[in-house]
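Q: Line order of the protein sequences matches chains A and B.
Start counting the first sequence at 1; every next residue gets the next number (this note's numbering).
Start counting the second sequence at 1; every next residue gets the next number (this note's numbering).
Because the hints were derived from the structure by calculation, they are not lab data.
Where hints are given, some of them may not hold.
[To be verified] A few chain B residues facing chain A, derived, Cβ under 8 angstroms:
{"no.": "1", "residue": "Val189"}
{"no.": "2", "residue": "Leu357"}
{"no.": "3", "residue": "Gln373"}
Think of the CB as a built atom: it goes at the ideal place given N, C-alpha and C, for glycine as much as any other residue.
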Amino acid sequence: MSTTQRFSWEESLLPPAMALAIAMVVGDLLILAFGASPGHIFGMLLEGTWGNAYGIGQTLYKATTLTCTGLAVAIPLRAGLFNIGAESQLAAGGFATALAMLALPAGVPWPLAALIGVVAAALGGGLVGAIPGALRAKFGASEVIVTIMLNFVVLAFLNWVVAAKIHVPESLHTPEIASGMVPRFADFSATFRGSAANLSIVLVLGLAAAAWWYLFRTTAGYELRAVGLQPAAAENGGVRLGRTWFRALTLGGALAGIGGVNYVLGYKHYYEEGFGTGSGYLGIAVALVGRNHPAGVVLAALLFATLSQGGLAVNAVVPKQLMEVLQAVVILAVAICVPEVRRVLRNSAKAVA
Amino acid sequence: MTTTATTDTPALALTGIAKAFGPVQAIRDASLTVARGEIHALVGENGAGKSTLMRIIAGMFTPDAGQALVDGRDVTGWDTNAAIAAGVGMVHQHFMLVPTLTVAENVMLGRELTKGWQLDRAAAEAAVRALCQTTGLVVDPTRTVADLSVGEAQRVEILKVLFRGAKLLILDEPTAVLSPPEVLELWRVLRTLRANGDTVVLITHKLDEVIDISDTITVMRAGRTVGRMATAGTTPSDIARAMVGRDVTLAQRVDTGVIVPANSAPRLEVRDLTVRGTSRARAVDQLSFTVEAGEIFGIAGVEGNGQTELIEALAGLRPADSGSIRMDGHDITHDGVAERTAQGLAHVPEDRHLRGLVLDYSIADNLILGRQQQYAGRLSIDAERVSANCVAQVQAFDIRPPNGDLPSRALSGGNQQKIVIARELGGERWPSVILAAQPTRGVDVGAIEFIHARLRAARDSGAGIVLVSADLTEVLALSTRVAVMYGGRIVTVIPGDEATPEVLGGWMTGATREGAA
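Only chain A is shown next, with the shape it has when bound in the complex:
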């Protein structure tokens, strides 16, 4: 069995490793083009992210959100669906948890309040994910198009609600919540002072483990993956495709929504327009680099968080946009190297046509 084991390890790790190697080379060239030394820049990047407590905290904070949006893309992808709506699902989750906390009377103990906040976030994000799921299941509507369009609709709606109804004057955010604040790292150790890292990361790592269990150990996960691999065979095996699609997209939306907890309960303690801009779309890259495996998603989220936080660290020498370019290069390289990306793109092209 060791030969097949090794074979599958190679198969799952080689394409993302190739993609990273390509991205490194392109990154080197870009840095050289700015007249800086790649070794120096990457050194600065590592120093600014993993070299001190603040950097570590910021990177972990970003990775937490990205793990949520990455899982939000990865689970539907396992069912053969491309969820491009993590962006608005994340926002809806953040908004829902803020609303729930504002509605809660002061004095509720924080663990209970936080739990309510997490459930609210899951419901908010799950609702936004359920819409494309239902449309796909009932009418065969392309989830790609519906999720993209919903991003505009949902974000515009939330902005309107906040701006018109419940914002704090002179700002674009809701009032601060009174309960349910998730403790930050800085509350335990002063070295993390100033960084946004908070205990949401424990919850999210637990969710990643649960997602793994769900996908690879439960009957529902067995059915979900079968639908993604061969819908006709799954159907013949008594699996209802529509129900599975609906479930996968709703679950994905809920996971993205929980990403809002990280910001609202863990960091700023209010919902603000555009708090997670880009994290939803970056979740697609996280899922693909992580090869739709929850453990891979966690690692990929760390990678992208490092690049994004590292951009700030190297800003003095090269523009921080360089790191955004580097992220884009990673995404492109992944699109070329990872086989399921090609398959998904082909399938969604077919569905749209």
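Based on these hints, arrange chain B on the given structure of chain A.
A: Okay, now just chain B, sitting in the frame of chain A:
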């Protein structure tokens, strides 16, 4: 080896060919000599390496070892263009035609005739007509390929190869999609080609065809060529023994069972069933039949006459537009697949790669597909029961290699089909109704014997079986009653012992009609 003519170089000579795909050694040591102007049958079980060997000749694969000579010229490792230029043409099992183009346009595709800047359709049509004349292939060059029957489409494939100047034709399982009269038509064409001096290599696993048409036979087993014989004086049993490496019971020994008049409800009762097809509104058209306990109800017919839609409707994969389906007296017309399975319906789907198996799932996981709810533990699938089931089934059904962790994709066609059969027929209880669609398609002789025995055992235990097969031999060998489907209807039902290919052939092509016969 033959000891004839030394002056006449063979059209094709392969020696010591080996080819591996990753860890799988598809061909170990294959040698093949095809004389000019003969029809040579290449037979073997599925996964024996026949198609791979032929693709090496057609320039699609490069061999790892060995030598290939065409007309005495060393062509080892050439590409498809070189093969076509040298007159080697392959007619594939799956047609590669553009449905919206005409016959003539398809034939010249890749080698277009032009007049100035324009396509010269008239010249192409004339060329196709001329080819039809010399070969006896009858197709109208101006018709659109989408409008052609499967048999006609295959003729276009052959014309395409001939148009490119092929003198050595390789046909990969050409009769799989043909009705008996169309098969005879194909044989006539192949004999004409032989008379014109062309050479034909025919890949098949149907032994009666080999006897009918070939001059010489080469048998492959497990990647090796294990025998070469002249067809004259060879019997199907000889070939089967060489293919499998042991004696096998051929499907000819008929045991079709008898219906025991039952006092209970029939196993399956279909009333006025109408089903919408993908392209036709009434793919199944007001169809009625009953299947009693202990009966195999065979459905013969040329593919595309509604068999697929009928089976899918019975399995719960396709909604019925009208009519009813009753199983053991219960109306199941509106039940889903899972409900039907729970009530005792088993389904061996016609396309195991599409519906039968999740190819990337392990053998163990595929053995519970459709029954996954029975294996649900409290928080997860009960892995111990899944693997116990796998160990038992792999042994009972002799699935090879006997390693439940392997992805099903890695298995040969016959072993993949055994997974499906084991899952559907290997449970603790016999199913009430079994839908067996093409149960032995693309399966080797040894596995066919096994699958037939299993179906007969299910029949004897009182199951009602609906058998759909494109292989008439199979329908005749198993069916207690034979129905013929034509145009979405059952046009006749004949007792199994009275059915013959001649009688059925007329009904299958629509030549015999009610009242006319």
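Q: Now, for every hint given, state plainly whether the structure supports it.
A: How the hints compare with the structure:
This hint is violated: valine 189 (chain B) has a C-beta 35 angstroms from the nearest C-beta of chain A, more than the 8 angstroms allowed. Given the 8 angstroms rule on beta carbons, the hint for leucine 357 (chain B) holds: about 6 angstroms separates it from the nearest Cβ of chain A. Against a cut-off of 8 angstroms between C-beta atoms, the interface hint on glutamine 373 (chain B) holds, since the closest Cβ of chain A lies about 6 angstroms away.
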